[in-house]
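Q: Dock chain B against chain A, hints included.
Taken in sequence, the protein lines are chains A and B.
Residues in the first sequence are numbered from 1 upward in steps of one, following our numbering.
Residues in the second sequence are numbered from 1001 upward in steps of one, following our numbering.
Just so you know, these hints were derived from the structure itself, not from any lab.
Just so you know, these numbers come straight off a predicted model, no measurement behind them.
Mixed in with the good hints there might be a few duds.
What the hints assert, rightly or not - From the structure, some residues in chain B lie toward chain A, with a derived Cβ separation under 10 Å:
1) Gly1039
2) His1042
3) Glu1046
4) Glu1078
5) Pro1089
6) Arg1172
7) Ala1211
8) Val1214
9) Ala1291
10) Tyr1294
11) Val1331
12) Ala1332
13) Gly1333
14) Gln1336
15) Gln1339
16) Thr1360
Said to hold, decoys possible - Listed next, the in silico PhoX-like pairs over lysine-lysine satisfying Cα-Cα at most 25 Å (straight line):
17) B:Lys1284 x A:Lys5
18) A:Lys5 x B:Lys1175
19) B:Lys1185 x A:Lys106
20) A:Lys20 x B:Lys1210
21) A:Lys5 x B:Lys1286
22) A:Lys106 x B:Lys1030
23) B:Lys1185 x B:Lys1175
24) B:Lys1090 x B:Lys1167
25) B:Lys1286 x B:Lys1316
26) B:Lys1030 x B:Lys1205
27) A:Lys5 x B:Lys1275
28) B:Lys1210 x B:Lys1242
29) B:Lys1210 x B:Lys1090
30) B:Lys1316 x A:Lys5
The C-beta atom is built at its ideal place from N, Cα and C for all residues, glycine as well.
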Amino acid sequence: MINEKPQVFIDISADELMTKVEDYDARGWRFVNICGSAIQGGVELIYSFSNGLPMENLRFTVENGSTIPSVSGRFPNAFFFENETYDLFGVRFSGISIDFDGKFYKVSIPTPMNPDSVQARKAAYDSAPVALDVAIDATEVPIVASVATSSDVVDNSAPSAVIPAQAKIHTHDNDSSAPSSVIPAQAGIHTHDNDSSAKGDN
Amino acid sequence: MGNKTVIPFGPQHPVLPEPLHLDLVIEDEKVLEAIPQIGFVHRGLEKLVSKKDYMQFVLVAERICGICAFGHSLGYSETIEALMKIEVPKRAEYLRVIWHELSRIHSHMLWLGLLADAFGYENLFMQCWRLREVVLDIFEETTGGRVILTACNVGGVEQDIENSELKGIVERLDKMIVEYKQLLKVFLKDRSVKSRLVGVGYISKEDAFKAACVGPFGRASGLEEDIRMFGFGAYGDLADFKLITSNDGDGYARSEVRALEIIQSVDIIKELVDKIPDGPYNQKIKGTPEAGSYAVSRLEQPRGECYYFAKGNGTKFLERFRIRTPTSQNVAGMVQTLQGCDLADVPLNVLTIDPCISCTER
Chain A
1 MINEKPQVFI DISADELMTK VEDYDARGWR FVNICGSAIQ GGVELIYSFS
51 NGLPMENLRF TVENGSTIPS VSGRFPNAFF FENETYDLFG VRFSGISIDF
101 DGKFYKVSIP TPMNPDSVQA RKAAYDSAPV ALDVAIDATE VPIVASVATS
151 SDVVDNSAPS AVIPAQAKIH THDNDSSAPS SVIPAQAGIH THDNDSSAKG
201 DN
Chain B
1001 MGNKTVIPFG PQHPVLPEPL HLDLVIEDEK VLEAIPQIGF VHRGLEKLVS
1051 KKDYMQFVLV AERICGICAF GHSLGYSETI EALMKIEVPK RAEYLRVIWH
1101 ELSRIHSHML WLGLLADAFG YENLFMQCWR LREVVLDIFE ETTGGRVILT
1151 ACNVGGVEQD IENSELKGIV ERLDKMIVEY KQLLKVFLKD RSVKSRLVGV
1201 GYISKEDAFK AACVGPFGRA SGLEEDIRMF GFGAYGDLAD FKLITSNDGD
1251 GYARSEVRAL EIIQSVDIIK ELVDKIPDGP YNQKIKGTPE AGSYAVSRLE
1301 QPRGECYYFA KGNGTKFLER FRIRTPTSQN VAGMVQTLQG CDLADVPLNV
1351 LTIDPCISCT ER
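Next comes chain A alone, as it looks inside the complex (with noise of 0.2 Å):
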């Protein structure tokens, strides 16, 4: 038997995401995508389940800097697209189990998808509670500044393409109670013991 592509969309405010989702998830639906589309002053967000052959889309707008709710706790996999959407769109998302804070993706330009967000970012961070190195602003130098500045903490005989990254995931890692900049030294360290005999080849 032939089946047709379910075309089901849902237009939800903001304030109503959490519940729906707690509805999907207590009825045993599958969480499928997060999709941006920037629109006029706001992004339009989708949020995607399903459950076999159905599948319903939860339609909703956001306005630019806005923050809204990870669903992440609910569903693991949602993590990927949450900071996903933060790095090409703006819409920063609160909870996120694994948040890489805009380090997710290697942009050369922040929120590539969404440019008129950027002021609106850049609004946000400065009233974040915690300092963040990302450069906000386009005319500077963006992400690649953050590494660079990243690796002035490392210890500097480490590799610096690949201890920046641990950096940013380390200092957002809740369950440490080390300082951030101890982590990525410790690994720098450990990196180098592993690759001595190599280096000694040489």
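A: Quick look at chain B alone, frame taken from chain A:
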């Protein structure tokens, strides 16, 4: 008990054809936690819909991935057809599925070869890739390309395959499958293969469901979902479609599911070649997607469910096009399989989800 140590894995690693970085927090030789990072090859291909019109973009969509290239052009075309409510000729639907299943055979054979190489069985690797050449030769003869086929387009397919040629393809696949079944014995029964795969990277059905694993990775843990079973397009004309699943949830189960899917794909191709109707295989597309029109589509790629989204704005350029690839669904499951595994099994674990990072980042 040793101290906790952080070991960086990737982005360059012999087992990884594409860049994926993992922070492995280890104690002694056990992995306690793995934190994935991608983003090294993000190309922004979705953004190109503002530069290429909806007919041209099918060529870009095909270049998203070198392995499931045909699948992406098929998924994109099906989404635009849903957006513009275009009906595809029946023969084109059959030809699409035949090429798509051939892609699945070549993708799974490539993966089986990589797996054999990862656990040091180089002869097996060589034999898998030798048989894969049969499929690539079929691609070359029917479309002119071995990797990028440019065979699928919105509204149908670019070229026909004559019925006599289809019969010839089936004969060649029949010969190939005899040789393949000999390899299958090695993959499924060899003691050295089992010693590297059985019990490695276990993920339970509940955890796999919670992490929303898709494709052979999910089916190896007992999740019964395959987009093909919903009967979209020519899949709806199959007499029967039996899911290939396993309840073991380990690396061996994943290789078993993929290995058996190759035989299933050959059976699908044979059945469709017997049933393929005559008639047109393409049509001229007129008009543009309406403003405010939305469409979603799903396709079973070799690695699992792929999700496509398109939004029209009344011009020949799409407002937004989105692809959610199977690997981005499977990363959360992969991280779970790594927790508690031996450091030496990490490369195999990463490989058994068949990660495709270029697809994932687009």
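Q: Would you check the hint for Lys1210 of chain B and Lys1090 of chain B, treating anything up to 25 Å between C-alpha atoms as holding?
A: violated, 38 Å
Q: Does Lys5 of chain A lie within 25 Å of Lys1316 of chain B when you go C-alpha to C-alpha?
A: Measuring from Cα to Cα gives roughly 23 Å; hence the hint holds.
Q: Would you check whether Gly1039 of chain B satisfies its interface hint, that is, whether its CB is within less than 10 Å of any CB in chain A?
A: For Gly1039 of chain B, the interface hint holds, since the closest Cβ of chain A sits about 4 Å away, which is under 10 Å.
Q: Per the CB criterion, is Val1331 of chain B less than 10 Å away from chain A?
A: The hint holds - Val1331 of chain B has a Cβ within 10 Å of chain A, the shortest such distance being about 6 Å.
Q: Check the hint pairing Lys106 of chain A with Lys1030 of chain B against an upper bound of 25 Å on the C-alpha distance.
A: Measuring from Cα to Cα gives roughly 30 Å; hence the hint is violated.
Q: Starting from Lys5 of chain A, check that the Cα of Lys1275 of chain B is at most 25 Å away, please.
A: Between Lys5 of chain A and Lys1275 of chain B the Cα gap is close to 23 Å, so the pair holds against 25 Å.
Q: Under 10 Å, Cβ to Cβ, is where Ala1291 of chain B needs to be relative to chain A, so tell me if that hint holds or is violated.
A: Hint on Ala1291 of chain B: violated, closest Cβ of chain A at ~13 Å, above 10 Å.
Q: Does Ala1332 of chain B pass the interface hint, meaning its C-beta sits closer than 10 Å to a C-beta of chain A?
A: holds, 4 Å
Q: Would you check the hint for Lys20 of chain A and Lys1210 of chain B, treating anything up to 25 Å between C-alpha atoms as holding?
A: holds, 17 Å
Q: Does Thr1360 of chain B meet its interface restraint, that is, does its C-beta lie within less than 10 Å of any C-beta in chain A?
A: holds, 8 Å
Q: Given Gln1339 of chain B as an interface hint, is its Cβ closer than 10 Å to any Cβ of chain A?
A: At about 12 Å, which exceeds the 10 Å cut-off, the nearest Cβ of chain A leaves the hint on Gln1339 of chain B violated.
Q: Taken at face value, is the distance from the CA of Lys1175 of chain B to the CA of Lys1185 of chain B at most 25 Å?
A: holds, 17 Å
Hints 5, 6, 9, 15, 18, 19, 22 and 29, counting from the list given before, are not met by this structure.
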